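Colleague: Read off the chains here:
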Amino acid sequence: AQSVTQLDSQVPVFEEAPVELRCNYSSSVSVYLFWYVQYPNQGLQLLLKYLSGSTLVKGINGFEAEFNKSQTSFHLRKPSVHISDTAEYFCAVSYGGSQGNLIFGKGTKLSVKP
Amino acid sequence: NAGVTQTPKFQVLKTGQSMTLQCAQDMNHNSMYWYRQDPGMGLRLIYYSASEGTTDKGEVPNGYNVSRLNKREFSLRLESAAPSQTSVYFCASSTDRVIDYGYTFGSGTRLTVV
Numbered sequence: 010a011q012s013v014t015q016l017d018s019q020v021p022v023f024e025e026a027p028v029e030l031r032c033n034y035s036s037s038v039s040v041y042l043f044w045y046v047q048y049p050n051q052g053l054q055l056l057l058k059y060l061s062g063s064t065l066v067k068g069i070n071g072f073e074a075e076f077n078k079s080q081t082s083f084h085l086r087k088p089s090v091h092i093s094d095t096a097e098y099f100c101a102v103s104y105g106g107s108q109g110n111l112i113f114g115k116g117t118k119l120s121v122k123p
Numbered sequence: 682n683a684g685v686t687q688t689p690k691f692q693v694l695k696t697g698q699s700m701t702l703q704c705a706q707d708m709n710h711n712s713m714y715w716y717r718q719d720p721g722m723g724l725r726l727i728y729y730s731a732s733e734g735t736t737d738k739g740e741v742p743n744g745y746n747v748s749r750l751n752k753r754e755f756s757l758r759l760e761s762a763a764p765s766q767t768s769v770y771f772c773a774s775s776t777d778r779v780i781d782y783g784y785t786f787g788s789g790t791r792l793t794v795v
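Protein chains in written order, with our numbering: chain A, 10 to 123; chain B, 682 to 795.
Read the hints as simulated data drawn from the structure, not as lab findings. Bear in mind the structure is a predicted one, so any value in this text is a computation, not a measurement. Any given hint could be a false lead.
What the hints assert, rightly or not - Taking lysine-lysine and the DSS-like style, the derived pairs with C-alpha atoms no more than 27 Å apart in a straight line are:
{"id": "1", "chain 1": "B", "residue 1": "K738", "chain 2": "A", "residue 2": "K115"}
{"id": "2", "chain 1": "B", "residue 1": "K738", "chain 2": "B", "residue 2": "K690"}
{"id": "3", "chain 1": "A", "residue 1": "K78", "chain 2": "A", "residue 2": "K118"}
{"id": "4", "chain 1": "B", "residue 1": "K695", "chain 2": "A", "residue 2": "K118"}
{"id": "5", "chain 1": "A", "residue 1": "K122", "chain 2": "A", "residue 2": "K67"}
{"id": "6", "chain 1": "B", "residue 1": "K690", "chain 2": "A", "residue 2": "K115"}
{"id": "7", "chain 1": "A", "residue 1": "K122", "chain 2": "A", "residue 2": "K78"}
{"id": "8", "chain 1": "A", "residue 1": "K118", "chain 2": "A", "residue 2": "K67"}
{"id": "9", "chain 1": "B", "residue 1": "K695", "chain 2": "B", "residue 2": "K738"}
Please construct the entire structure, taking both the sequences and the accompanying hints into account.
Modeller: Dropping the structure here:
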């Protein structure tokens with residue numbers, strides 16, 4: 010079955026430290042990958058997406074993600090986090106081509122401590 | 682601002698009561714979705730509508746009904762609320778080519794069933 014796995018449910022980190030949030034997806038011929046962020050008591054917002062081309066994708070707020078086809082991963086990274094990055098992050102995958110519905114991971118709560 | 686509007690933002694129901702969650706989008710999107718978010722479970726698709734006049738079941742449709750009233754509006758109805766339906770409900774919309782912009786989410790409805 011098609012699935013998305015976020016390997017860490019919670020990631021605590023100190024301010025200005027680097028962070029990596031991990032996401033793996035089921036192997037498929039073609040996939041489109043997304044990261045969303047949800048700040049407390051808000052809806053989800055698109056951070057970045059990978060459709061094709063360069064495997065390193067840059068998004069808003071200094072986040073970037075790298076598509077690795079051989080490892081079926083799409084990990085999210087930021088070199089230096091801020092308190093304001095405290096939020097829940099969701100990885101999502103479209104397996105059904107350009108019109109396929111998104112399948113979401115269970116989310117990773119990033120907690121940035123001063 | 683253009684986007685997805687959900688009403689109400691908060692609701693408390695007694696077991697057995699019914700209610701309808703409203704969702705409207707002003708982005709001329711064809712596709713609309715209802716998700717529920719529970720701690721540790723991520724986002725689970727309840728129903729979706731690929732176009733006006735069509736609806737399809739998602740992963741967790743039991744206990745819910747939907748109506749795609751027109752292109753703008755997609756409502757979710759709980760006929761006889763149960764405590765297991767306590768959750769945060771999100772509506773989302775997208776263009777036909779989901780990968781172009783991903784989903785646009787509303788800010789959610791926090792429902793408590795007592």
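Colleague: So, for every hint listed, does it hold in this structure?
Modeller: Right, here's what the structure says about each hint:
1. A threshold of 27 Å between alpha carbons decides the hint, and for K738/B with K115/A the separation of about 20 Å falls inside it, so the pair holds.
2. For a cut-off of 27 Å, the pair hint linking K738/B to K690/B stands: about 24 Å separates their Cα positions.
3. For the hint linking K78/A to K118/A, the alpha-carbon distance of about 25 Å falls within 27 Å, and the restraint holds.
4. Note on K695/B and K118/A: the hinted pairing is violated, with a Cα-Cα distance of about 31 Å set against a maximum of 27 Å.
5. At roughly 24 Å between alpha-carbon atoms, K122/A and K67/A fall within 27 Å of each other, so this suggested pair holds.
6. Distance hint between K690/B and K115/A is fulfilled; the C-alpha atoms sit about 23 Å from each other, no more than 27 Å.
7. Between the alpha carbons of K122/A and K78/A the distance comes to roughly 33 Å, so the proposed pair goes past 27 Å and is violated.
8. Taken as a hint, the K118/A and K67/A pair is honoured in the structure, with Cα atoms around 20 Å apart against an allowance of 27 Å.
9. Of the pairs offered as hints, the one joining K695/B and K738/B holds, with about 26 Å between alpha carbons and a cut-off of 27 Å not exceeded.
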